[in-house]
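Student: One letter stands for each residue in the lines below.
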Amino acid sequence: MITGQITAAILGVGLTASILYLVRRDHLHGPYALWWFAVAAATFVLGVFPAVVPWLGSLTGIFYAPVLPIIVGLSLVLIRLLKLDIDRSRQERRLRRLTQKLAILEQELDRLGGRSVASPQGRGDDDED
Amino acid sequence: MIPARDEIATVAAVVAGVRASLGCHVLVVDDASSDGTAAAARAAGAMALELPLGLGAWGATQAGIRYARRHGYAGVITLDADGQHQPDSLGELFKAQAASRANVIIGTCTERLSRAKRIAWHYLRLLTGLRLADFTSGLRLYDARAVAILAGPAASLLDYQDVGVLMLLAKRGIAIRETPVPMSPRRAGHSRVFASWPVVARYLLHTTILCVAQIDAGRRQGKHSAKERHA
Chain H
1 MITGQITAAI
11 LGVGLTASIL
21 YLVRRDHLHG
31 PYALWWFAVA
41 AATFVLGVFP
51 AVVPWLGSLT
61 GIFYAPVLPI
71 IVGLSLVLIR
81 LLKLDIDRSR
91 QERRLRRLTQ
101 KLAILEQELD
111 RLGGRSVASP
121 QGRGDDDED
Chain P
1001 MIPARDEIAT
1011 VAAVVAGVRA
1021 SLGCHVLVVD
1031 DASSDGTAAA
1041 ARAAGAMALE
1051 LPLGLGAWGA
1061 TQAGIRYARR
1071 HGYAGVITLD
1081 ADGQHQPDSL
1091 GELFKAQAAS
1101 RANVIIGTCT
1111 ERLSRAKRIA
1121 WHYLRLLTGL
1131 RLADFTSGLR
1141 LYDARAVAIL
1151 AGPAASLLDY
1161 QDVGVLMLLA
1171 KRGIAIRETP
1181 VPMSPRRAGH
1191 SRVFASWPVV
1201 ARYLLHTTIL
1211 CVAQIDAGRR
1221 QGKHSAKERH
1231 A
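Sequence order for the protein chains is H and P.
Heads up, the first sequence is in my numbering, so the first residue is 1 and it goes up one at a time.
Heads up, the second sequence is in my numbering, so the first residue is 1001 and it goes up one at a time.
It is worth saying that the hints were derived from the structure and are not from the lab.
Note that CB positions come from ideal geometry on N, CA and C, so glycine has one too.
Certain hints may be false.
Restraint-style ranges between C-beta atoms, simulated for each label pair [claimed, not checked]: (1) P:SER1184 to H:ARG80: 50 to 58 angstroms; (2) H:ARG80 to P:ALA1020: 53 to 61 angstroms; (3) H:LEU95 to P:ALA1043: 51 to 59 angstroms; (4) P:HIS1025 to H:LYS83: 39 to 47 angstroms.
Residues from chain P that face chain H, not an exhaustive set, calculated with beta carbons under 7 angstroms [said to hold, decoys possible]: (5) LEU1049; (6) LEU1053; (7) ALA1063; (8) ARG1066; (9) SER1156.
Chain P extracted, bound-state conformation (with noise of 0.2 angstroms):
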């Protein structure tokens, strides 16, 4: 599932990648993109779901996941749009699955992230007790367990994919595991998190608050996983 905005010159390519690579559905969804984006994305073989209002990155991606649920399929992989996930490479998330037996796989590159990023990363570890080593990856496979926590409302105030669905997901006892993937540079677009500093700003304001209004639910999450390692 594949989340989009304005990303028609590498969306189509992503599509193709995914539907070689793994053979499922794909599903686009067209964050209210003035570039057709989503008739590029059907063109392709994927699905499309086009929003009519922009609800940013995570409104985008819960559409998909709400889809998925009501669709009954058995899990959802989110990829970014503008090729920096390589398709092949989401095989490794299967797999990690497989050998953990978590409810969320993220597929992270720690070579790539900036100074900034690398910064960012280590305040939100303490904050919120998660250890994860990249909180904004949108390489990303979930179970049906967390899809259907996910496509609830209590996910749909959030606005990154990042911490707060996280917390969220550690809250209901989700299991959350990481593992290395390769990615590529960016072709076109950037990140929407890390734009500029004024936007960072906001956006680790945002999160610490939301962090410390939630601050037991990534302790929570070390904690069962200290009683995985146990068993």
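Only chain H is shown next, with the shape it has when bound in the complex (with noise of 0.2 angstroms):
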């Protein structure tokens, strides 16, 4: 066997171990184990099976065979990234509103507190420094 093979090899399982191993215990979850088991389980057999490679080569007609992981790769990373962004957009939309609607109930809270602070049962205040 070849060391380069062997390396691979190790890469391979490694990452799939860890990343199993997030998944597991729950550091990364819903779509995001999923496609990160999905990486794992295509470094895997990558890393184990590199005759895969020139196979999907020659499948797809494209002559460098080595280079389509890599293609394949980095398209992934830029999808992934592309995603990521636009989760980001969308939870800061939820932030900003989320804040927006905190400040406004805080002033309805005072508002109504001022009314209603003669109200003997009133647990309101609890929080109050």
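If you follow the hints, you should be able to join the two separate chains into one complex; please do so.
Tutor: And the structure:
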């Protein structure tokens, strides 16, 4: 066996194992887990069975087969990054709206509190310092 | 409605001026100030929203607009907390609205524009197709229809109240007009957009991308006003 292949196999198995571990420990969840699980599986297959690469090359008509995983990998990274920024924008929108809503509700609560301050059962000002 | 960040020096006078001039409810939106702007505003007789996180000028303005929508106000006037907008001139906005029946009236002071701003606005006029003299003026009157649009999530990711907001309104068929008003020089604070050259460059770059993505909006507004003129 060639040493390069051993390195690739170790990398593949190592990455697969760490991703599985992270999913197992609930550090990656939902759609992210699925995505990274697919990445782990692909790395594992490519690392352990490097013969897949020239086979895929001949299948897709790419002469210099070793470049294939690099191209595919880079495009996947780009897609992932794009998705990340889309998610971030959505979260930013939600965060801003929540912040505004919080301020609005706080003001309304203050106003109500001012009116019903005589209420004997009032429990609304527990967190007043 | 007055968005304010660290404007304790001027906010009370502005609130008092608006109350004396219009007698309406005054809402100060405190954009996470550290100097007690909200307390000063309340002391001057305004209601105050205190944002727990700084959202920037537009984020604060939108908070006020959402408050107005929630409480069923017929319209919102926004002005800056630094005292550059004179409370006595607010009536001009109503007059302009009555005359033009536009949904949004922007109070502008063209004499006060710096050369850099003139160049920037000329560029934005070309890019957006909106025929406005001043894109960033914070002195505005929004009617209930404009408020309903601006309170929505579509306006939440905008950073400035200018081009993005105006394009959004134009796209939904809102009529926007300007009216000249006198303005005083800023007593304290400074423009958030025109602070320094790198900021301006970044602002123009952002705005350009926004405009290119929404290239049809301003032109549509042009068509709307053309139709109005024919009618």
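Student: Checking each numbered hint in turn, tell me which of them this model violates, lowest number first.
Tutor: 3
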